[in-house]
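Given chain X, work out where chain U should sit, using these hints.
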Amino acid sequence: MALAVSLAVPSLVMAHCGHCGRCGSKEPPVLMQIGVTPSQARRLLPIFENAMRLRADHYRKMAELMPAMLETYEAFRAEDERNQGFSKEVEQATARLHHQEIQLADRLGQELLKLEEEVKKVLSDRQLRALAQPHRPGPGNNPHAMVGNIAGGNMTAVATAVDSQAAETVKKMREIGQYRHPRATQIGDRLLKADLLDELHFVAVARPSKDVLKAVRTIKEGTRKFPRPKYDALQRERGRLGGEISAWNLVNGLHLNKGQAVTIARCAQAAAALREHFRKGPAVEGICGEEKLAAQLAVAPAVVEDLYRFERKVIDVLSDTQVQVIRDFKPCLLPPKDLDNPVRVGQANDNTALTRFLTQAGNLPSAQHAAAVDRWLSCEEKHHGKYDDDYRAHRRQLLLGTLDQVAQMDETELAVHVKDLAERAQPVDVQTELRFELEGIFSSRQLPGPIAKSMLFDRHMVKVLATRADQLSRPVKLAKRDLTKGPQAENCDNSKCALPGRKNGKPTR
Amino acid sequence: MSGIDRRELLSRVSQLAAGACLGGSVSSLWPAFAQAAGPAGSAASREVDFYEKLSDNRTKCFVCPLHCELEDGETCFCRTRTNYGGRLLTDAYNNPCIITTDPIEKLPLNHFLPGTKTLTIACGGCNMRCLYCQNWQQAQVCPNDIKTFQLTPQQAVDSAAKRGIPTIAFSYTDPVGFLEYAKDIAILARKRRLRVVAATGAFVDPEPLIDFARYVDAFVVALKAFDDELYHLMTGARLEPIKTALETIKTKTKSWLEIVYLVVPTYNDDIPTITKMCRWIRKAVGRQVPVHFARFMPMYKLAKLPRTPVPTLEAAVAAAREVGLQCVYTSNVAPHKDTNTCCIKCHATLIQRLGFKLLDQRTRNGRCPECGTPQPGVWT
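The listed protein sequences correspond, in order, to chains X and U.
First residue of the first sequence: 1, per the numbering used here; consecutive thereafter.
First residue of the second sequence: 1, per the numbering used here; consecutive thereafter.
Pulled out of the complex, with its shape left as it was, chain X reads as follows:
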């Protein structure tokens, strides 16, 4: 047994680093790193097998969804680029597929998190702490990562490295994100992955079952219909489409003029060139490794300063309201209603979800109010993140009080008051508060902030802005309509003004 370990372990070390399998690090395999014993490994086996089944199942379902998804998203992207509104079919299909995609990912995340709980029962606290340690330390301790993050435009990582408050804010934001869309943590990512099959079974001194081998093969090689390379290519394409659509959503919502589009595109190009130049490092013969890194780090503050200056330039080009829109923008596949189809002048039916809830729940018998409020609060938490007990109790009280008020009103009174009541019962938008907090830190440290993130560091933005500038230079000429052929408004030219089908104010049929 001891011999087997001594022979096998070096080959495992050479095969992968025990973390990502791609980074080329020569670290020991993860189970050895955290000191998993054979008995622990045996207890981990069923958990691992379940995880593999889940991941394989997710792969198959995503593979089924992928072709339709790409086709629909491409149609959506094309309509987004034209900026003349979305056709109902494409918009609905995109929304449906995107919803399915998110649901699949959320379900996998939830199940993996449950399995992680099982893992926690098997491993000791020390092992769990070791597992939660990032494979590569954060950028604050790692100059490589710092250079990479500046070059990649990941200023949030740069901020968290240099500012502990920023790190705390980002942590809170991630917690909200994790609550809204649960995903596996370090434990799931490092222990419950297909690459660990050999190592785990080796330590457990067990043979993998046929089922688990099949599942791992599906994860690693794909299915016959959808081999992994094809899936990965489509996944990359989906990522590209998602990114480009998001950029279009923002640009369409900004209503840029040609001058703005051209100037921002130029800034984005210059910022990209600067970051690329920084990433490559000084082109001095013989300089490499630590020497090159030291040279990069020496110029890093100047690069960040230049990027910050580019961001100021973009802000100067935009109006205050456009800046506001960019600050509020979150990357998305379906554009937010406020940007895509805002409430129009003279448009009726502009009720929010909360006004609808108050109107509907207010009509319920008061005994059912508490249950309705609890359901509503669960929905709210899906958007705003998990409330702490005090805040949940406060909101519950507030909504129950509001529903009591609603119940005492007649329909007319309610119609007049409901918008005010809803406004008063709005929850605190913690995500927005955290975002503002982070922006304050960016600003105080003169780091490029949200405008740079959206307009300068988005890899699709230059192409999108160039296309928009081109579109604006040759506006679409819509063909003159032959008005005799289209629909015509009803009129009473023939002097028969009386409304047909009515008698004494009532329909006759």
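In case anyone wonders, no lab produced these hints; they're calculated from the structure.
This one's a predicted model, so the numbers in the text were calculated from it and none came from an experiment.
Check the hints yourself; a few may be wrong.
A few chain X residues that don't get close to chain U, going by computed Cβ distances all over 10 Å [what the hints assert, rightly or not]:
#, residue
1, V90
2, A194
3, F278
4, V317
5, L354
6, D374
Covered, in the sense of this in silico footprint (three residues per stretch, anywhere, with C-beta under 8 Å from a C-beta of chain X), are these stretches of chain U [to be verified]:
#, stretch
7, 78-85
8, 147-156
9, 265-273
10, 299-311
Every residue, glycine too, gets a C-beta built ideally from N, C-alpha and C.
Relative to the frame of chain X, chain U by itself:
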């Protein structure tokens, strides 16, 4: 019993019973009954102010230029006025389908108490048939055919006053359709020192318009095209009466006026025609009347048209400014620089808007803080 529901049956029985008790025909009973309890199930009704009684229980309405002639029991083209036994009564009275609070910018009014709220009221029905009607669920039905509220003029005014809302607005559907109700609310509102504003297509005769305008502080008139044939094709109405109404508001009333023009691609987006319209606006109602060029969204019977391209709106704005109009806006586009209010003299930004939200307001008693020029509008 086929074809008659329970409600209908009860209604018929009650009519027959009343007729039998009073020894008259059912139709002759209607007006008296209507005054107390309202026709066709509405809470109460009111006789129309502008109509003529003709022979054989026929009536002729003079509220709008259609001048509908109705037989007994027939309803006007506007869906809201019905001839009950030779008397023309409104079915919209006390019978609104929408009561809500809104920012005043939603009407759209950019030069009238910016940043304040309105209590907005609308009743079912309309005397136009716009192909792109965005509130067709309310405007293209009779007041009694949709869910409504019971709200007397007194209750409407009390409600606004109690909640400190400075303005009552009639919008979403055309107040020409419920002019009698709107007027009674406006009269009471005036007594309580509340402001009244009306968003209308202005397809109305001058006499009722002047009568109503005595109690109205501001009008938003939707001018829908500047070609009579096109107007008729798009809305069923005619251009000339609307031009007359605009001139009437300007010359014969003290009400503030803003104009909104929905730019519908391939219909009324021809820039030379828009220029012609702006010239007429400048000449007939003055260059300080704010004009809003609103973006069209596919809607109702024009659901297959594209949205108005923003450059088209910008071209319309440029044309209006070229002609000399001083307060020109884009609507339904946010963010856009042309949604802001700028000084008519030094062009400093006075009010910054994002949609209907005011982000910044710098006017001081209606004057520009930079150059002190008084700005057109109602500011305090």
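Requested in this report: Please settle this one: V317 of chain X was flagged as non-interface, so is its CB more than 10 Å from every CB on chain U?
Outcome: 12 Å, holds
**Report entry** Coverage of the stretch 147-156 of chain U by chain X (three or more Cβ within 8 Å)
**Finding:** holds (count 4)
Query raised in the report: Is the Cβ of F278 of chain X more than 10 Å away from each Cβ in chain U?
Result: Non-interface label stands for F278 of chain X: nearest chain U Cβ at 33 Å, farther than 10 Å.
Report task. Test coverage of the stretch 299-311 of chain U by chain X using CB-CB distances below 8 Å; three residues minimum. Result -> holds (count 7)
**Report entry** Beyond 10 Å from every chain U Cβ - status for D374 of chain X
**Finding:** About 28 Å separates D374 of chain X from the closest Cβ of chain U, which puts it past 10 Å; holds.
Query raised in the report: Residue count check for the stretch 265-273 of chain U against chain X: does it reach three with CB-CB under 8 Å?
Result: As far as the stretch 265-273 of chain U goes, the hint holds, because 4 residues have Cβ atoms under 8 Å from chain X.
**Report entry** chain X over the stretch 78-85 of chain U, status - at least 3 residues with CB closer than 8 Å
**Finding:** holds (count 3)
Query raised in the report: Since L354 of chain X was said not to touch the interface, does its Cβ keep a gap of more than 10 Å from each Cβ of chain U?
Result: 15 Å, holds
Query raised in the report: Does the no-contact call for A194 of chain X survive, Cβ to all of chain U over 10 Å?
Result: 48 Å, holds
Report task. Beyond 10 Å from every chain U Cβ: check whether that's true for V90 of chain X. Result -> 14 Å, holds
In this structure, none of the earlier numbered hints is contradicted; all agree with it.
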